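Novice: In order, the protein sequence lines correspond to chains B and A.
Read in order, the letters of the first sequence correspond to residues 31 to 485 in the working numbering.
Read in order, the letters of the second sequence correspond to residues 31 to 485 in the working numbering.
Hints may contain errors.
Since the list can't tell identical chains apart, any single copy or any two copies may satisfy a pair.
In silico DSS-like links for lysine-lysine, alpha-carbon gap of 27 Å or less [to be verified]:
1) Lys296 with Lys457
2) Lys303 with Lys457
3) Lys178 with Lys329
4) Lys178 with Lys360
5) Lys198 with Lys459
6) Lys366 with Lys333
7) Lys459 with Lys296
8) Lys333 with Lys354
9) Lys315 with Lys288
10) Lys198 with Lys327
11) Lys457 with Lys447
12) Lys328 with Lys459
13) Lys366 with Lys327
14) Lys102 with Lys459
In case anyone wonders, no lab produced these hints; they're calculated from the structure.
Bear in mind that the values here come from a model prediction, so they are computed numbers and not experimental data.
Number of protein chains: 2
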Amino acid sequence: MPVYSISHVENVRICVVMVGLPARGKSLIAQKIVRYLSWLSIKAKCFNVGSYRRNLAGDRPVDASFFDPKNKDGLEVRQEAVNSAIRDMMSWFMDENGVVGILDATNSTRQRREQILRLCRENGIEPMFLESWCDDQELILQNIADVKTTSPDYTNRNSELATDDFLKRIAFYEQGYETMDKDVDNSLTFIKLVNVNSQIILNRIESYLESRIVYYVMNLHIKPRSIWLSRHGESQYNLTGQIGGDADLSERGMRYAKRLPELVLKSLGEENKHTNLTVWTSTMKRTQQTASFLPYKKKLQWKALDELDAGECDGMTYEEIEQKFPEDFKARDDNKYEYRYRGGESYRDIVIRLEPIIMELERQENILIITHQAVLRCLYAYFMNVPQEESPWMSIPLHTLIKLEPRAYLTLVTSIKADIPAVSTYKEKGTSQLGETETMTSKSRDIIRNSKDLA
Amino acid sequence: MPVYSISHVENVRICVVMVGLPARGKSLIAQKIVRYLSWLSIKAKCFNVGSYRRNLAGDRPVDASFFDPKNKDGLEVRQEAVNSAIRDMMSWFMDENGVVGILDATNSTRQRREQILRLCRENGIEPMFLESWCDDQELILQNIADVKTTSPDYTNRNSELATDDFLKRIAFYEQGYETMDKDVDNSLTFIKLVNVNSQIILNRIESYLESRIVYYVMNLHIKPRSIWLSRHGESQYNLTGQIGGDADLSERGMRYAKRLPELVLKSLGEENKHTNLTVWTSTMKRTQQTASFLPYKKKLQWKALDELDAGECDGMTYEEIEQKFPEDFKARDDNKYEYRYRGGESYRDIVIRLEPIIMELERQENILIITHQAVLRCLYAYFMNVPQEESPWMSIPLHTLIKLEPRAYLTLVTSIKADIPAVSTYKEKGTSQLGETETMTSKSRDIIRNSKDLA
Chain B
31 MPVYSISHVE NVRICVVMVG LPARGKSLIA QKIVRYLSWL SIKAKCFNVG SYRRNLAGDR
91 PVDASFFDPK NKDGLEVRQE AVNSAIRDMM SWFMDENGVV GILDATNSTR QRREQILRLC
151 RENGIEPMFL ESWCDDQELI LQNIADVKTT SPDYTNRNSE LATDDFLKRI AFYEQGYETM
211 DKDVDNSLTF IKLVNVNSQI ILNRIESYLE SRIVYYVMNL HIKPRSIWLS RHGESQYNLT
271 GQIGGDADLS ERGMRYAKRL PELVLKSLGE ENKHTNLTVW TSTMKRTQQT ASFLPYKKKL
331 QWKALDELDA GECDGMTYEE IEQKFPEDFK ARDDNKYEYR YRGGESYRDI VIRLEPIIME
391 LERQENILII THQAVLRCLY AYFMNVPQEE SPWMSIPLHT LIKLEPRAYL TLVTSIKADI
451 PAVSTYKEKG TSQLGETETM TSKSRDIIRN SKDLA
Chain A
31 MPVYSISHVE NVRICVVMVG LPARGKSLIA QKIVRYLSWL SIKAKCFNVG SYRRNLAGDR
91 PVDASFFDPK NKDGLEVRQE AVNSAIRDMM SWFMDENGVV GILDATNSTR QRREQILRLC
151 RENGIEPMFL ESWCDDQELI LQNIADVKTT SPDYTNRNSE LATDDFLKRI AFYEQGYETM
211 DKDVDNSLTF IKLVNVNSQI ILNRIESYLE SRIVYYVMNL HIKPRSIWLS RHGESQYNLT
271 GQIGGDADLS ERGMRYAKRL PELVLKSLGE ENKHTNLTVW TSTMKRTQQT ASFLPYKKKL
331 QWKALDELDA GECDGMTYEE IEQKFPEDFK ARDDNKYEYR YRGGESYRDI VIRLEPIIME
391 LERQENILII THQAVLRCLY AYFMNVPQEE SPWMSIPLHT LIKLEPRAYL TLVTSIKADI
451 PAVSTYKEKG TSQLGETETM TSKSRDIIRN SKDLA
């Protein structure tokens with residue numbers, strides 16, 4: 031019996047066609063949209079034409095001259111790359127029930143865009159153009175610096191030469207570039223972002239899914255910032271192995287709360303020690319007690335950060351649940367993401383209620399979130415692109431501060447362990463036993479590995 | 031201990047300055063924003079310069095010549111009206127802690143807008159301009175028809191003459207009208223809506239609250255549609271006076287479910303009987319059983335439509351709650367909107383989780399929602415502008431279908447009672463007793479009165 035979130039109201043398939051010169055942050059936006067939609071269980075995939083072009087061109091080094099409109103060979107390879115990417119995208123829509131495909135390329139001429147438009151219309155896909163337009167030189171140079179460090183085109187190349195070459199490549203694209211125009215392109219569905227989002231033009235945004243993508247993109251910013259995540263300190267319920275409830279911290283949990291300010295300072299480093307954080311907690315005592323020694327003035331409580339509601343199982347141990355509801359216990363192990371406790375919630379339910387939190391996190395700068403195991407798993411899954419079948423099984427131990435630093439194409443993760451023991455609340459699949467006292471060794475590495483995978 | 035919803039993150043005050051010729055739907059947009067924000071507990075108020083002008087001009091009939099830029103007397107009165115409205119708005123920001131004030135007037139020249147901008151900046155208020163620009167003649171004539179039937183300027187006037195006069199008034203405004211320009215007004219925060227929202231230009235939208243207003247306005251449409259609301263049929267728990275749970279319908283509840291398709295048809299009338307509705311229910315059995323005989327194909331379940339979570343009181347009767355938690359019982363009666371059940375929810379919590387539902391309702395056309403008492407009260411409060419201190423006490427009986435028809439400046443309400451008895455689930459303040467079997471007489475009139483109040 032499917033439960034509908036805000037994401038399942040329509041039966042629409044969208045092709046987001048990126049538009050813009052090189053180094054305008056197109057791939058970054060495209061990847062963020064894919065990550066956001068996937069997290070919301072909306073099947074999304076990015077088709078990067080540059081990767082297709084590199085596959086076709088083989089190992090030949092590619093410099094700016096390849097992008098000269100007068101370079102016939104270059105043109106041919108580039109056209110073939112676009113064709114392959116579009117072909118694959120269409121197969122993905124048809125054979126794999128894709129919902130939002132993103133064609134990540136410059137798509138800088140009306141002719142090219144009309145070709146894509148036609149193909150979309152023939153296949154019953156809604157085209158939505160998303161242009162990133164930018165004339166802020168500082169932003170462009172920053173983007174070039176990011177691209178150079180990540181693009182396979184510039185692996186092992188001298189940094190200055192690479193910048194120079196990249197600027198030439200941009201100049202070639204500029205020759206034929208036609209920006210989306212609010213009058214000329216009036217019949218198309220498009221979003222035009224001017225200098226990140228200092229100005230946004232929206233044209234014929236009609237479906238719900240389009241409006242969600244617009245709202246998400248509107249809220250992105252590129253200022254550097256960090257996000258800190260921590261579970262509450264060990265609670266009285268953790269000691270007895272009970273789930274849910276609204277218990278106080280244990281003596282060791284209180285020690286973690288007192289240590290937390292020091293861990294945060296350590297993660298900031300000497301030069302940033304005066305950075306002002308905002309602290310978000312749930313409405314439950316154990317997260318507020320954990321936050322109580324932090325010196326930051328702005329502390330907000332969010333109901334949306336409350337722990338997964340275990341419904342009728344609230345206050346029980348896993349053993350008691352296994353005994354009282356053996357079928358439910360097994361069903362949860364079989365599909366932990368979808369399983370909803372009787373009268374309570376599933377991981378999917380948490381993701382739905384966390385969506386506004388994620389939107390707000392995208393808007394904000396430095397935020398420290400103190401929340402609960404299941405909620406933290408969902409937040410972490412968003413930032414680190416952890417698939418749904420894995421996220422409910424991630425080990426995120428007590429008494430550990432996690433710092434996330436979103437960068438252009440990856441998120442850096444640092445885990446800082448407080449040297450204060452705590453029980454393990456990690457339950458392996460197929461058992462009702464909790465793990466040994468966690469020592470933040472292999473388990474914590476799980477988290478860090480995830481971050482490297484993304485990179 | 032305040033709990034933060036998405037609405038309380040910042041400490042910002044905004045003056046939304048409407049811009050646009052007469053008959054561009056400015057007042058409608060302004061009033062909807064106020065209703066939406068008020069429902070989210072964000073203090074908002076609209077200052078309509080037309081009302082100030084009418085107060086100043088007294089009973090003198092006003093025709094188009096009053097708006098002739100060469101009419102010195104007219105100009106003077108109009109300037110005075112704007113000044114008074116701004117003065118009152120600033121006092122409201124300062125003395126009553128207003129958060130979003132809307133200045134509803136044409137504000138059609140840059141000079142006027144600069145005057146307002148200056149005043150806002152002097153008072154630490156963020157100005158956000160919201161222009162409704164329209165060249166779709168059909169839309170304009172439709173708007174004029176709406177204005178004529180509601181504007182005090184045209185009370186008891188011949189309809190054709192009124193249209194004629196109104197078109198002249200618009201022509202006078204057109205003489206000096208300066209639209210918001212994406213280049214000239216590049217330094218201002220503004221939203222420009224072109225032909226409702228077929229194109230939208232957003233410039234320097236920065237704060238969270240601004241982005242919420244933008245997203246709400248983006249999602250509004252003006253197609254005629256209706257929304258139907260019903261509680262589930264009488265449940266087994268209703269019979270025993272228990273709250274919460276996930277009980278089946280009673281025999282009478284099932285009779286209501288079987289009758290519901292007929293009630294819906296009746297509400298549609300003969301000419302619209304083939305209208306296709308979408309049915310939304312909660313995830314609970316009693317709402318799904320109530321929907322089970324409806325002939326519409328599209329039925330969605332929403333967790334966000336589940337009943338208020340009574341936490342530890344789930345499954346209890348009010349008498350049991352009064353006995354077991356006498357202080358809580360009293361606290362809830364004292365402030366029913368804010369009271370949160372131990373381990374459960376408050377009305378405020380429901381409003382927060384209903385916000386995406388409201389946004390989706392604004393986007394959709396004909397929707398029939400089958401939900402629960404507290405949730406229905408909150409939805410109804412949004413559409414009918416019922417204040418928070420009243421909404422948790424509204425009587426919404428079982429076995430009654432409510433049809434809402436949003437119009438330009440009011441929402442029409444029709445209640446259709448199924449002739450199937452049900453227990454009352456209405457608890458008066460200060461007692462743990464439920465009412466007599468409800469007969470849908472005085473109680474149902476409460477609802478209808480609310481609708482007239484709004485008109």
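Novice: I want to check one pair: Lys198 and Lys459. Are their C-alpha atoms no more than 27 Å apart within a copy, between two copies, both, or neither?
Specialist: neither (55 Å within a copy, 75 Å between copies)
Novice: Using 27 Å as the alpha carbon limit, work out where Lys178 and Lys329 are close: within a copy, between copies, both or neither.
Specialist: neither (39 Å within a copy, 50 Å between copies)
Novice: If the cut is 27 Å between Cα atoms, do Lys457 and Lys447 qualify within a copy, between copies, both or neither?
Specialist: Within one copy, since 20 Å is at most 27 Å while 52 Å is not.
Novice: Please work out whether the CA atoms of Lys366 and Lys333 approach to 27 Å or closer within one copy, between two copies, in both situations, or in neither?
Specialist: For Lys366 and Lys333, both the intra-copy (22 Å) and inter-copy (18 Å) Cα distances are at most 27 Å.
Novice: At 27 Å max between alpha carbons, let me know whether Lys333 reaches Lys354 within a copy, between copies, both or neither.
Specialist: between (29 Å within a copy, 25 Å between copies)
Novice: How would you label the pair Lys366, Lys327 (within, between, both, or neither) given a Cα cut-off of 27 Å?
Specialist: neither (37 Å within a copy, 30 Å between copies)
Novice: Within, between, both or neither: how does the pair Lys296, Lys457 come out at a Cα-Cα threshold of 27 Å?
Specialist: neither (30 Å within a copy, 55 Å between copies)
Novice: If the cutoff is 27 Å on CA atoms, where do Lys315 and Lys288 land: within, between, both or neither? Let me know, please.
Specialist: within (15 Å within a copy, 46 Å between copies)
Novice: Please work out whether the CA atoms of Lys459 and Lys296 approach to 27 Å or closer within one copy, between two copies, in both situations, or in neither?
Specialist: neither (35 Å within a copy, 54 Å between copies)
Novice: Should Lys198 paired with Lys327 be assigned to within, between, both, or neither, using CA atoms and 27 Å as the limit?
Specialist: Neither, since 49 Å and 57 Å both go past 27 Å.
Novice: Between copies, within a copy, both or neither: which fits Lys303 and Lys457 at Cα up to 27 Å?
Specialist: For Lys303 and Lys457, neither the intra-copy (37 Å) nor the inter-copy (55 Å) Cα distance is at most 27 Å.
Novice: At most 27 Å between alpha carbons: which applies to Lys328 and Lys459, within, between, both or neither?
Specialist: neither (39 Å within a copy, 37 Å between copies)
Violated hints, listed in ascending order, are 1, 2, 3, 4, 5, 7, 10, 12, 13 and 14; each of the other numbered hints is respected by the structure.
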